[in-house]
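Sequences are here, hints too, so could you generate the full structure?
These protein sequences, in sequence, are chains A and B. Every letter in the first sequence is one number past the one before it in the numbering used here, and letter 8, counting from 1, is 8. Every letter in the second sequence is one number past the one before it in the numbering used here, and letter 87, counting from 1, is 87.
Honestly, the hints are just simulated from the structure, not real lab data. Note that this is a predicted model, so its numbers are computed, not measured. In this text, a Cβ means the ideal position worked out from N, Cα and C, and glycines have one as well. One or more hints might be untrue.
[Claimed, not checked] Derived contacts from chain B toward chain A, CB cut-off under 8 angstroms, selection only:
#1 39
#2 40
#3 62
#4 63
#5 64
#6 122
#7 128
[Said to hold, decoys possible] Restraint ranges, calculated between C-beta atoms of paired labels, are given here:
#8 A:144 x B:109: 50 to 60 angstroms
#9 A:253 x B:38: 33 to 43 angstroms
#10 A:80 x B:141: 56 to 66 angstroms
#11 A:51 x B:87: 52 to 62 angstroms
#12 A:318 x B:10: 32 to 42 angstroms
#13 B:38 x A:144: 23 to 33 angstroms
#14 B:14 x A:391: 28 to 38 angstroms
#15 A:106 x B:106: 48 to 58 angstroms
#16 A:298 x B:2: 43 to 53 angstroms
#17 B:79 x A:111: 48 to 58 angstroms
#18 A:322 x B:14: 19 to 29 angstroms
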Amino acid sequence: MMNFATHRQDFPVLQQTVHGKPLVYLDSAASSQKPQAVLDALLHYYSHDHANVHRGVHTLSERATRAYEKTRDKLRAFINAGHREEIIFSSGTTAGINLVAHSYGRSHVHAGDEIILSVMEHHSNIVPWQLLCEERGATLKIIPMSDRGELDLGAYQNLLSERTKMVAVVHVSNVLGTINPIHEITRLAHERGVPVLVDGAQAFGHLPVDVRALDCDFYVFSSHKAYGPTGVGVLYGKKSWLEKMPPYMGGGDMIETVSFEKTTYQGLPNKFEAGTPNIADVVAFGTALDYIQEIGLANIVAHEQDLLAYAVERLRAIPGLRLIGEAAMRSGAISFAVDNIHPHDLGTILDREGIAIRVGHHCAMPLMKRLGVPATARASFGLYNCRADIDALVDGIVMAKRFFAA
Amino acid sequence: MNDLRSLYQEMIVDHGRAPRNFGVLEKASHCRAGHNPLCGDELMLYVDEKDGLIRALRFEGQGCAISMASASLMTEALEGKTLEQAEKLFADFHLLVTDKEHPAELEESLGKLAAFRNLAEFPVRVKCATLAWHTLRAALADDDLPVSTE
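Listed below in structure tokens is the structure:
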């Protein structure tokens, strides 16, 4: 096991006090913090290399283009995509899902068709499909789950039919931490020729992601949850699908020739990257990928699994605390409820102790309904967390219980 | 701990734990659901009002201690008040919870509602305390507009 205490030093934002207490950041599932190397990369890019990409013959434009495209190559290798042009940059996971819902949806989904989602989806993997269904006259079908927070694959199989045009599921639940059996889900969908989109927002950077081993057709994630800047999303799509799909947004950079009579489009990936992209943040995301690789993804996974196991053990020992979601396979997010303390009050009390957790419905209102709770408290981990952070959380919860019992 | 106690005063913890006027009002003249989508707090407010006089209020719902206590204390404060008095109380209460520099006299005129005197130090929680009041205003207006705590 590596010494993760030294990596914590790489994150300047963590070296502060909040309300007079050392910051304990347990909200990485909402957004991770950024190492100094990523901050340096942003400053370096703007200080030395910035120009627009894919257009200039001058030196800076060439440098910017090279740096931007280099991140695409790193990502291809990172998720084991077959081709670099299968990596499409957007503004985030939400934008990537919307791209597929629009482009694939409008060309492949018709009245009477069905789209399968799971009950544990984040709103960003519900609403784009719902909008599509309303427009096309299609219907959403929902894979249910057990009380432990595991998808019911038998029910899923029964939902698949000749009407199914897409299966869109989350890789790791942002509320329950459940790791879904994506390979099995894609295998069953592919038996019927149905493509699968995976929302990997919570998985990327926390789990090994091999898109060819998963055999998913689309895989979507964000930079900002994986130590990179905000405003960058990645859509991986199998070339065979992306080539068949029409452009989503029109504009510069995605065209070959334009006349008022007819426009012809660029090939992949440019066809889906209209307009000046978020160059600097894509470049700095490349640095975040390097940072993850220097530490080693396998080491990060082991560290976060250790934290998770420790957190489960310590939280479970608190009387009146109930863990929400106890899937066998899970990753670094843990939801819970404390008797007689509303999550919001708990969040406020912990904040005054310098502890940042997420409280609320976590943009997963259908899941909250399924769980029968209005909201949960959630602690989530990043590579910079340590067991002492969990000890602080436990102490904070115990204090909150005393506070409300008084 | 001290600044937390300043937010969660005894009055608030008490009313949050055991809200008064909790339940359905069968003969309500106005009834309205209020919802805070950011945090999921929701309540149903029942008002019995006649000729500009608020005769009784009840509410049901779930939410954090701040939102439940605020609804509870609001129903207590408004019973027997006129609509004009209710509007004035809302204006005063709003000033209390949003302005750290609110005048000291305000706390006196607000009575028990002054338990929220330190809420302005916790800006993200202000909406929890104003949900009941916004719902009241919408209930009395009898419009179909969504209740907003903005």
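How the hints compare with the structure:
Interface hint at residue 39 of chain B: satisfied, since its Cβ lies 5 angstroms from the closest Cβ of chain A, which is below the 8 angstroms cut-off. Satisfaction of the interface hint for residue 40 of chain B is found here, the shortest Cβ-Cβ separation to chain A being roughly 4 angstroms, below the 8 angstroms cut-off. A cut of 8 angstroms between beta carbons decides the hint on residue 62 of chain B: the least distance to chain A is about 6 angstroms, and the hint holds. Nearest Cβ of chain A to the Cβ of residue 63 of chain B: about 7 angstroms, under the 8 angstroms cut. The hint holds.
Given hint, residue 64 of chain B at the interface with chain A, holds; its Cβ is 4 angstroms from that chain's nearest Cβ, closer than 8 angstroms. Given hint, residue 122 of chain B at the interface with chain A, holds; its Cβ is 6 angstroms from that chain's nearest Cβ, closer than 8 angstroms. Restraint check, residue 128 of chain B versus chain A: the minimum CB separation of about 7 angstroms is within 8 angstroms; hint holds. Look at residue 144 of chain A against residue 109 of chain B: about 54 angstroms separates their beta carbons, and that is inside 50 to 60 angstroms.
For the hinted restraint 33 to 43 angstroms between residue 253 of chain A and residue 38 of chain B, the CB-CB distance of approximately 37 angstroms keeps it satisfied. Judged by the Cβ atoms, the range 56 to 66 angstroms given for residue 80 of chain A and residue 141 of chain B holds: they are separated by roughly 59 angstroms. A hinted range of 52 to 62 angstroms holds for the C-beta pair residue 51 of chain A and residue 87 of chain B, which are about 59 angstroms apart. Taking 32 to 42 angstroms as the suggested C-beta distance range, the pair residue 318 of chain A and residue 10 of chain B does not conform, at roughly 25 angstroms.
In this structure, residue 38 of chain B and residue 144 of chain A meet the distance hint of 23 to 33 angstroms, their C-beta atoms being roughly 27 angstroms apart. Judged by the Cβ atoms, the range 28 to 38 angstroms given for residue 14 of chain B and residue 391 of chain A holds: they are separated by roughly 31 angstroms. For residue 106 of chain A and residue 106 of chain B, the hinted distance range of 48 to 58 angstroms is satisfied, since their beta carbons lie about 57 angstroms from each other. Against the hinted window of 43 to 53 angstroms, the Cβ-Cβ separation of residue 298 of chain A and residue 2 of chain B comes to about 46 angstroms, which satisfies the hint.
Between residue 79 of chain B and residue 111 of chain A the Cβ separation comes to about 55 angstroms, which falls inside the hinted range of 48 to 58 angstroms. One distance hint, 19 to 29 angstroms for the beta-carbon pair residue 322 of chain A and residue 14 of chain B, holds here, with the actual separation near 25 angstroms.
Hint compliance for this structure: hint 12 alone is broken.
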